[in-house]
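**Q** Below, each chain spelled out in residue letters.
Protein chains: 2
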Amino acid sequence: MKVKINLDQLIEGVQDVMKAVSSRTTVQILTGIKMTVDHESMTLTGSDSDISIERLIPVEENDIVHIEIEREGSVVLPARYFSEIVRKLPNDTVEIEVGERFETTLRSGSSEFSLLGLDPEEYPLLPQIQENHVFEIQGDLFKNVIRQTVFAVSTSETRPILTGVNMKLEDGVLTCTATDSHRLAERQILVDTGSEDISFANVVIPGKSLNELSKIIDDSAENLQIVVTSNQVLFKAKNILFFSRLLDGNYPDTSKLIPSDSKTEIVLNTKDFLQAIDRASLLAREGRNNVVKFATIGNQQVEVSSNSPEIGKVFEHVMVDEMEGEELKISFNAKYMMEALKTMDSTEVRVLFTGAMRPFLVKPTGDQAIKQLILPVRTY
Amino acid sequence: MKVKINLDQLIEGVQDVMKAVSSRTTVQILTGIKMTVDHESMTLTGSDSDISIERLIPVEENDIVHIEIEREGSVVLPARYFSEIVRKLPNDTVEIEVGERFETTLRSGSSEFSLLGLDPEEYPLLPQIQENHVFEIQGDLFKNVIRQTVFAVSTSETRPILTGVNMKLEDGVLTCTATDSHRLAERQILVDTGSEDISFANVVIPGKSLNELSKIIDDSAENLQIVVTSNQVLFKAKNILFFSRLLDGNYPDTSKLIPSDSKTEIVLNTKDFLQAIDRASLLAREGRNNVVKFATIGNQQVEVSSNSPEIGKVFEHVMVDEMEGEELKISFNAKYMMEALKTMDSTEVRVLFTGAMRPFLVKPTGDQAIKQLILPVRTY
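As given, the protein sequences belong to chains A and B, one line each in that order. Mapping to my numbering: the first sequence position 226 is 314, numbers consecutive. Mapping to my numbering: the second sequence position 144 is 232, numbers consecutive.
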């Protein structure tokens, strides 16, 4: 293999596939990035066996030549070193030449690196995906879906299935759900399944995979193709294939957790409420598990408070725009509430309580697509 | 005490004194910030007993009123909580009222905090400074002096005196020196001692103190007053007093370490050289202690190289602008060289060698005020 490639293109590509490379892998070949050049493109691959990313750099794009190919071929290069080197090379191009026993020379300006490469034949094959369930979704929209759900996955391995986001597709509606059993995030979205009427359930994508995916896909309205199989999901964007394994097991039925009625309903300004909770939690962090108290106090106001015997106490008053139903005193984890509120893009939120000991719902006003459910804490 | 104060002013002041507050102190009162209000200002104090910072907020400045005083007084507030709270308060002012047993109420907008304060009488007094050695220096200039020396102090406590920067004042020239015994940084600067002819030596300021000082003083040409006593140094800037204890012991005589002649002299572009070393060190980090090889190779070039048997090798060629004297091969720690080069503001640097096993000198061209000395490593 011998090519000359535009450095910016290479850096971008390497950065993308590095998202899948883990420094903690025990499989030596997976500490590398696989690079393959044929007559029309360079393909970079990174994998930690849970996530695999394939990134294409076309020889030419919009009449700009990215790669000059002298000899096609393939090699696996040490990922961490290679990615650091390319970011620091002095010129705007680099010549890459694979020699005997995969020893690879990188030449750029007055700089010459020689890296011990590995045999690309030893690199594992990417999952073979049969395209049985395919649908499309706008990239920026899907990034939002990830942002609004993935924070709620469990970080504990006691119930591994809860470390993922569950996807269900039914009647053209995609429902994404995450829960760590203390709170739950749900986002629904209409998707384009083409002429087919596809549906599936219990497709559980590891939270980590979605976080990495979110860093790679553009903030653009360009479509993301999603291919679901029994044990893998593949996201296809321009020049990128992102594979993730799915989690084994049955995701719990969460539909019954979400209350359908309410006894107290409050509408308040998202930002004011978020900031009040944020301040109240300042004194609740230590020894109090970040729990704050919330109470309706009449006069179109709610009070958020916290008391730490060694430090002091805090009272926050927030004006409400609407309040209906019973008086209420309830306690909850401030972090859960803040994370829930941060998923809301609306100026106002609606909070629906069904009593001090029952889970309550936070939703944007005038939008049923996002539901954030939080379990209260017993203190009052 | 009861006052209403502009929040931005308070946040800035608290941020400054927080630089002296340590979360690891065992003295409970020092986990607090002392706040004192008299008829003309609020004074904030923070200290970890090595560093003490006193910050003044005037009642009025440039016809703008910062503080409205209802009742003078004093209190010590829990530093970490107080600093986090003020940064998040909703209004642009806060009312601070000290009640019984130093319980302090902070009111801002719809937010009300009540913090358990401590008795200010228990707060240690600041060092009493007799102004025997006083001189002045431009703030931005002194920040540069710190930047160009403090990085070279020792981080090991085996010789505590080397964890500080030594200051010597003689004939109106201030010499600042730092060394960890592998490299040495020296910066000289002319200072204004007024009409007096003051001189001192062996004034060793802890590196940590200078790093914190550097964060506080403005990047302006405003003068910094420096007061030196036998065991304390005091830096006075506008509205700020910064005290640091000095290190006990005798700083080693470093003047004989700096070679006065040279056998090989090379002038090269600072940035090109820095980047070449940076790249060469990429393969030198693990198992090789970051050591790179440097050699004159004729043709107005030098070569920087490194070889890591498991990863690969790198050769960097750098054009030199001047080269005089003997051919040379030498090895050194890339980190030391990079840190030395980063202190140089000149486009070109001069490197003076006196043989492969002798310390060598890096200087800006046409400026004798900065000297960076590096000990080579035996490998060739």
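One thing to keep in mind: the hints can contain errors.
In silico DMTMM-like links for lysine to aspartate or glutamate, alpha-carbon gap of 25 Å or less [to be verified]:
1) A:92 x B:366
2) B:401 x A:366
3) B:401 x A:200
4) B:423 x A:200
5) A:401 x B:228
6) B:231 x B:259
7) A:401 x B:160
8) A:401 x B:188
9) B:92 x A:366
Don't read these hints as lab results, they were simulated from the structure. From a predicted model like this one, the values you see are computed outputs, not experimental measurements.
**Q** Against this structure, judge whether each hint is valid.
**A** Hints versus structure:
1. A:92 x B:366: holds (23 Å)
2. B:401 x A:366: Between residue 401 of chain B and residue 366 of chain A the Cα gap is close to 52 Å, so the pair fails against 25 Å, i.e. violated.
3. B:401 x A:200: holds (8 Å)
4. B:423 x A:200: Status holds; Cα separation ~20 Å.
5. A:401 x B:228: Cα-Cα ~42 Å, so violated.
6. B:231 x B:259: holds (22 Å)
7. A:401 x B:160: Given pair residue 401 of chain A, residue 160 of chain B holds - Cα atoms ~24 Å apart, limit 25 Å.
8. A:401 x B:188: Holds, because 15 Å separates the two Cα atoms, which is no more than 25 Å.
9. B:92 x A:366: holds (23 Å)
Checked against the numbered hints listed earlier, the structure breaks hints 2, 5; every other hint is satisfied.
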